[in-house]
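A.B. asks: The listed protein sequences correspond, in order, to chains F and B. Residue numbering for the first sequence follows our numbering, starting at 844 and increasing by one per position. Residue numbering for the second sequence follows our numbering, starting at 34 and increasing by one per position.
Hints in this document: simulated from the structure, not taken from any laboratory. Treat the hints loosely; a few may be bogus.
Stated by the list, open to error - Negatives, chain F to chain B, calculated, CB over 10 Å: (1) Pro851; (2) Phe862; (3) Ser879; (4) Ile890.
What the hints assert, rightly or not - Per label pair, the in silico range of CB-to-CB distance: (5) F:Glu884 x B:Leu100: 28 to 36 Å; (6) F:Tyr849 x B:Leu132: 36 to 44 Å; (7) B:Ile45 x F:Val937: 38 to 46 Å; (8) B:Leu132 x F:Glu884: 47 to 55 Å; (9) B:Thr122 x F:Ala859: 41 to 49 Å; (10) F:Pro851 x B:Asn58: 29 to 37 Å; (11) B:Asn169 x F:Ile943: 17 to 25 Å; (12) B:Glu36 x F:Gly894: 47 to 55 Å.
Every residue, glycine too, gets a C-beta built ideally from N, C-alpha and C.
Chain by chain, the residues run as shown.
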Amino acid sequence: MQSVNYIPIVLQLLVAGGFVTLAMTLTHVWGPKRKSAEKLENFECGIESQGNARMPFSIKYFLTAILFVLFDVEVIFLYPWAVNFKELGLFGFVEMLVFIAFLLLGFLYIIKKGALKWE
Amino acid sequence: MVEYIFYALSVICIACALLVVFSKNPIHSVLYLILAFFAIAGHYVLLNAQFLAVVHIIVYAGAIMVLFLFVIMLLNLNAETEPHKNMLTKIMATVSGGLLLVTLVGSFRAAGQVEMVNLDNSNIGTIENLGKVLFNDFLLPFEISSVLFLSAMIGAVILGKKQLS
Numbered sequence: 844m845q846s847v848n849y850i851p852i853v854l855q856l857l858v859a860g861g862f863v864t865l866a867m868t869l870t871h872v873w874g875p876k877r878k879s880a881e882k883l884e885n886f887e888c889g890i891e892s893q894g895n896a897r898m899p900f901s902i903k904y905f906l907t908a909i910l911f912v913l914f915d916v917e918v919i920f921l922y923p924w925a926v927n928f929k930e931l932g933l934f935g936f937v938e939m940l941v942f943i944a945f946l947l948l949g950f951l952y953i954i955k956k957g958a959l960k961w962e
Numbered sequence: 034m035v036e037y038i039f040y041a042l043s044v045i046c047i048a049c050a051l052l053v054v055f056s057k058n059p060i061h062s063v064l065y066l067i068l069a070f071f072a073i074a075g076h077y078v079l080l081n082a083q084f085l086a087v088v089h090i091i092v093y094a095g096a097i098m099v100l101f102l103f104v105i106m107l108l109n110l111n112a113e114t115e116p117h118k119n120m121l122t123k124i125m126a127t128v129s130g131g132l133l134l135v136t137l138v139g140s141f142r143a144a145g146q147v148e149m150v151n152l153d154n155s156n157i158g159t160i161e162n163l164g165k166v167l168f169n170d171f172l173l174p175f176e177i178s179s180v181l182f183l184s185a186m187i188g189a190v191i192l193g194k195k196q197l198s
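The shape of chain F in the complex, shown without the other chains:
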């Protein structure tokens, strides 16, 4: 079975994760600890922290993120096309042009509406 060939990748993931865990654990075990009230305070550029971090924040961030996800998924479609670019020929090229044209339309709409403007 082909998927057994992925064992080295799994091993690499395990080694990478294991190193992080080991390093963090060792620093916690061996490192000196000074738990004073000032030290454990949330650090906010030296200014006294105000209020709670758990406050609802602006929808503008969410809008930017969701638009990012849409274009991210679009790029995923480009990978299988780019790998087969020569084989698909002109037809494949036109296919992708139509696909990109729709997304470009959406992008123009976003720009026109000023959705990425930070007012």
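Since chain F is already given, all that's left is putting chain B on it; use the hints.
C.D. replies: Just chain B now, kept in the frame of chain F:
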């Protein structure tokens, strides 16, 4: 060998999914969901769907989880402002969850034993083969998906943007 990996991944996946539901802190739920997504990506690799596995990690564990975090941060989740669900809501949730369970169990029982698909070509899920199938046989769904993207963009802008006057 493959069987052991399958069972290990399944145990990780189900355990993480349960922790998503049962953890009190919503941020912990999101972190366990990421672990569950990685386990599912492992299942995709076992099914010879390598490209899908990579896309699953990039899109779900990378991008969709950011959206989940943003949704959590958009909500006001202070402990003191936590709304108390009344009894009726709890009963309704239990009934609807139970109905979903009945439907799922019923459909699995009706489906019966699924025959294992034997793949002649173990490279069927690679990016080359996927591209060939996607851009020849599934051309129309691919082009329609771009219309879906367009509608998603317009919907996001209309819902999330204050109208400039």
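A.B. asks: Against this structure, judge whether each hint is valid.
C.D. replies: Status of the hints after comparison with the structure:
Against the 10 Å criterion, proline 851 of chain F stays outside the reach of chain B, whose nearest CB is about 12 Å from its own CB. A cut-off of 10 Å between C-beta atoms confirms that phenylalanine 862 of chain F is not in contact with chain B; the least separation is 18 Å. Distance check for serine 879 of chain F against chain B: the nearest CB is about 26 Å away, which clears 10 Å, and the non-interface claim stands. The beta carbon of isoleucine 890 of chain F is kept farther than 10 Å from every beta carbon of chain B, the shortest such distance being approximately 22 Å.
Look at glutamate 884 of chain F against leucine 100 of chain B: about 31 Å separates their beta carbons, and that is inside 28 to 36 Å. Range check, tyrosine 849 of chain F to leucine 132 of chain B: about 40 Å between beta-carbon atoms, so the 36 to 44 Å window is met. The supplied range of 38 to 46 Å is met by isoleucine 45 of chain B and valine 937 of chain F, whose beta-carbon atoms lie about 44 Å from each other. At about 49 Å, the beta-carbon gap between leucine 132 of chain B and glutamate 884 of chain F stays in the expected band of 47 to 55 Å.
Between threonine 122 of chain B and alanine 859 of chain F the Cβ separation comes to about 44 Å, which falls inside the hinted range of 41 to 49 Å. Between proline 851 of chain F and asparagine 58 of chain B the Cβ separation comes to about 35 Å, which falls inside the hinted range of 29 to 37 Å. Checked against the hint of 17 to 25 Å, the pair asparagine 169 of chain B and isoleucine 943 of chain F passes, with Cβ atoms roughly 19 Å apart. Judged by the Cβ atoms, the range 47 to 55 Å given for glutamate 36 of chain B and glycine 894 of chain F holds: they are separated by roughly 53 Å.
The structure fails none of the hints (numbered hints given earlier).
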